[in-house]
Amino acid sequence: MKILVPVKQVAVLDEDFELRDDGKDVDVDFLDYELNEWDDFAWEAALQLQEQHGDVIEIVPMTVGPEEASDSLLKCLGKGGERAIRVWHESLQDSDPAVIARVIAKVAQREQADMVFAGTLASDHGYSQTGVSVAAELNWAKAAVVSKVNISPNASCIQVNRELEGGLEESIEVQCPAVLTIQLGINEPRYASLRGIKQAKAKPIEVLSHTDLGLQDSDVGIAGSRSRVRRMVMPAKGQAELIEGSVVEQAARLADIVKQLRGGV
Amino acid sequence: MNSILVIAEQRRGELMPSSLECIGAAVELKSSNNSTVIVAIIAANASEFVSQLSLEGVDEVITIVSPVAHFQADFSEAAALSLINDRQPSLVLAPHSVDAWGYIPALATTGNYGIASDVFAIRYEDGNLIATRAAYAEKLHQELEFPSYATTVLTVRGNTFKVIEQSGNPVVSDFAAPAVDLRTKHIEYIEPEGGGEVDITQAELMLSIGRGIAEEDNVEQFAELADNMGFTLGCSRPIADNGWLPKYRQVGQSGKTVANCQVYIAMGISGSVQHMAGMKHVANIIAVNTDPEASIFSIARYGVVADIFDIAEELETHFE
Chain L
1 MKILVPVKQV AVLDEDFELR DDGKDVDVDF LDYELNEWDD FAWEAALQLQ EQHGDVIEIV
61 PMTVGPEEAS DSLLKCLGKG GERAIRVWHE SLQDSDPAVI ARVIAKVAQR EQADMVFAGT
121 LASDHGYSQT GVSVAAELNW AKAAVVSKVN ISPNASCIQV NRELEGGLEE SIEVQCPAVL
181 TIQLGINEPR YASLRGIKQA KAKPIEVLSH TDLGLQDSDV GIAGSRSRVR RMVMPAKGQA
241 ELIEGSVVEQ AARLADIVKQ LRGGV
Chain R
266 MNSILVIAEQ RRGELMPSSL ECIGAAVELK SSNNSTVIVA IIAANASEFV SQLSLEGVDE
326 VITIVSPVAH FQADFSEAAA LSLINDRQPS LVLAPHSVDA WGYIPALATT GNYGIASDVF
386 AIRYEDGNLI ATRAAYAEKL HQELEFPSYA TTVLTVRGNT FKVIEQSGNP VVSDFAAPAV
446 DLRTKHIEYI EPEGGGEVDI TQAELMLSIG RGIAEEDNVE QFAELADNMG FTLGCSRPIA
506 DNGWLPKYRQ VGQSGKTVAN CQVYIAMGIS GSVQHMAGMK HVANIIAVNT DPEASIFSIA
566 RYGVVADIFD IAEELETHFE
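Protein sequence lines correspond, in order, to chains L and R. So the first sequence is numbered by this note's numbering: it starts at 1 and just counts up by one. So the second sequence is numbered by this note's numbering: it starts at 266 and just counts up by one.
There's no promise every hint is true.
[To be verified] List time: in silico PhoX-like cross-link candidates among lysine-lysine, alpha-carbon distance up to 25 Å:
| hint | chain 1 | residue 1 | chain 2 | residue 2 |
| --- | --- | --- | --- | --- |
| 1 | L | K148 | R | K450 |
| 2 | L | K201 | L | K2 |
| 3 | L | K24 | R | K404 |
| 4 | L | K79 | L | K2 |
| 5 | L | K237 | R | K450 |
| 6 | L | K75 | L | K201 |
| 7 | L | K79 | L | K201 |
| 8 | L | K2 | L | K75 |
| 9 | L | K259 | R | K545 |
| 10 | R | K295 | L | K237 |
| 11 | L | K24 | L | K237 |
| 12 | R | K545 | R | K427 |
| 13 | L | K203 | L | K75 |
| 14 | R | K512 | L | K148 |
| 15 | L | K203 | L | K2 |
| 16 | L | K79 | L | K148 |
| 17 | R | K427 | R | K295 |
| 18 | R | K545 | R | K404 |
| 19 | L | K237 | R | K404 |
| 20 | L | K198 | L | K79 |
| 21 | L | K2 | L | K148 |
| 22 | R | K450 | L | K2 |
| 23 | L | K75 | L | K24 |
| 24 | R | K512 | R | K545 |
Rather than coming from a laboratory, the hints here were simulated on the basis of the structure. Note that the structure is predicted; figures quoted are calculated from it, not measured.
The whole structure should be built from the sequences, with the hints applied where relevant.
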């Protein structure tokens, strides 16, 4: 049984940044990157299933992104798995989640994967679309916002909990093959060992383009997207009144404010 | 005639309040888009929701009877797809809810529609739809357009659009959805752990801690401070996920909304969308964080850029 885990290298804005000349995104010089937190939990869920069931479960991380995105794959491989896949071509630039899902689905088919574990959302743009779109591309069952997974390898269905609003959960049965979108808190992601990090560098990362997966230029990038960025805008800044001064002064003023507000309740 | 379709949601027989906000958004838009507003409800007992959905400005309420009592992604997707095929709305609105996350992106893929999620502003310019949503952890907003799509589906951020109070007199009809293979099956609901005497939804004064407290051993210091100040202790998601505080103290989308809170002190909480969903309505938010760029400052009334441990220690001396 093979589990494909698509991960995203999310962008974090520098304190000061500039937009690109076309105004549709941030200039890449002002971005730092890290593995999406949700995907760390998704990869951990796959690692734990493999530990539970042994080699009958194969787990493969993948990403869609330029060479720098390999860092996220190495982070996964440092904890387990034997190989990874990275898909990139310049025509994939500015793809929306629908395009990313199309690419992931093609990889899932090529790998003959039985399950896809995706993060519920990503910390940069918070789309929460990709995983469930992958399910539609593959015509598989899906369950979103999964907080517990119970799988027996090769069973025709699995049992998962979905985390609903307000702390309520729903236990459901899902037919396989399926896409699960994994929620924070489902497990405790491990840290890679130094030995693991060293070994990861020797593990192969296969690099593919969209055409290797049978996709045309018109299927990807802006042309294949279901939304198009018109422009990025700076939101109106909130007007928090900043309490300045030394820590002693700040705390004293804060105490006054609290006492005054508390009196009104 | 052009139409805007709202797909309303229910859970366990209760209409989800976010559905009413979607109706508010649709009615706000109908004049600029010169369209009718259709509201559809998918439920085993769909007809029971008709009167709640019959609001001023709604032209038609459509009931779609579900074969199952609980949300089921395949059915919702197929029913929505079939209704959109029948009515050809240019715009479809659904709440940005957990259930919507479970089928709306699949609906857009299968139906070949434009899509955007977590949208908080919608407008038309020269007849073109423009949706605004956040990007880069809320630090920027992106305006999206959807050229070449006859239908676009948007999931709408909660607490953004006004609910209509006035009732109306829409046409009511039933729509028969196609039978589909239901690939998931509801087993049971698992209720959240109760907090006994602690109910943060009732608390008027809250002090919440987040990732900034760094270690479990530091929780005690803030618990004592909250106690001395007469505040109820709350937390953001990572604190509950780590088991440092029980889940019933968690504020946010997957935790609780602090509905009665008057004063909310956020210490070491950067302010994710999910956390802010549970507290941004509070009139007096005080944020303490070392990062001057933290999103929480954009919704706070008072901000303190400082180390939370230093502030906590000093604050103690004022509330002994």
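Hint check results:
About 16 Å separates the Cα atoms of K148 (chain L) and K450 (chain R), which keeps this hinted pair within 25 Å; it holds. Distance restraint check for K201 (chain L) and K2 (chain L): the Cα-Cα separation of roughly 22 Å lies within the 25 Å cut-off, and the hinted pair is therefore satisfied. For the given pair, K24 (chain L) sits about 14 Å from K404 (chain R) by alpha-carbon distance, which is consistent with the 25 Å threshold. Taking the CA atoms of K79 (chain L) and K2 (chain L), the gap is about 17 Å. The hint holds against a cut of 25 Å.
For a cut-off of 25 Å, the pair hint linking K237 (chain L) to K450 (chain R) is broken: about 45 Å separates their Cα positions. For the hint pairing K75 (chain L) with K201 (chain L), the CA-to-CA distance comes to about 10 Å; that is within 25 Å, so the pair holds. Restraint check: the Cα-Cα separation between K79 (chain L) and K201 (chain L) comes to about 12 Å, which is no more than 25 Å; the hinted pair holds. A distance of roughly 20 Å separates the Cα atoms of K2 (chain L) and K75 (chain L); the hinted pair therefore holds under the 25 Å criterion.
With a CA separation close to 21 Å, the supplied pair K259 (chain L) and K545 (chain R) stays within the 25 Å bound. A distance of roughly 30 Å separates the Cα atoms of K295 (chain R) and K237 (chain L); the hinted pair therefore is violated under the 25 Å criterion. Taken as a hint, the K24 (chain L) and K237 (chain L) pair is honoured in the structure, with Cα atoms around 20 Å apart against an allowance of 25 Å. Of the pairs offered as hints, the one joining K545 (chain R) and K427 (chain R) holds, with about 16 Å between alpha carbons and a cut-off of 25 Å not exceeded.
At most 25 Å may separate the alpha-carbon atoms for a hinted pair to count; K203 (chain L) and K75 (chain L) meet this at roughly 12 Å. Between the alpha carbons of K512 (chain R) and K148 (chain L) the distance comes to roughly 16 Å, so the proposed pair stays at or under 25 Å and holds. For the proposed pair K203 (chain L) and K2 (chain L), the alpha carbon gap of about 18 Å is at most 25 Å, so the pair holds. A distance of roughly 21 Å separates the Cα atoms of K79 (chain L) and K148 (chain L); the hinted pair therefore holds under the 25 Å criterion.
Only pairs whose Cα atoms come within 25 Å are accepted, and K427 (chain R) paired with K295 (chain R) is accepted, the gap being roughly 14 Å. In summary, the hint linking K545 (chain R) to K404 (chain R) is supported, as the alpha carbons are separated by about 16 Å, within the 25 Å threshold. Taking the CA atoms of K237 (chain L) and K404 (chain R), the gap is about 9 Å. The hint holds against a cut of 25 Å. For a cut-off of 25 Å, the pair hint linking K198 (chain L) to K79 (chain L) stands: about 11 Å separates their Cα positions.
For the hint pairing K2 (chain L) with K148 (chain L), the CA-to-CA distance comes to about 19 Å; that is within 25 Å, so the pair holds. Proximity of K450 (chain R) to K2 (chain L) is assessed by CA-CA distance (about 23 Å); at most 25 Å being required, the pair is judged to hold. Restraint check for K75 (chain L) and K24 (chain L): not satisfied, since their Cα atoms lie roughly 30 Å apart, outside the 25 Å limit. Of the supplied pair hints, the one linking K512 (chain R) and K545 (chain R) holds, its CA atoms being roughly 19 Å apart against a limit of 25 Å.
Checked against the numbered hints given earlier, this structure breaks hints 5, 10, 23; the rest are met.
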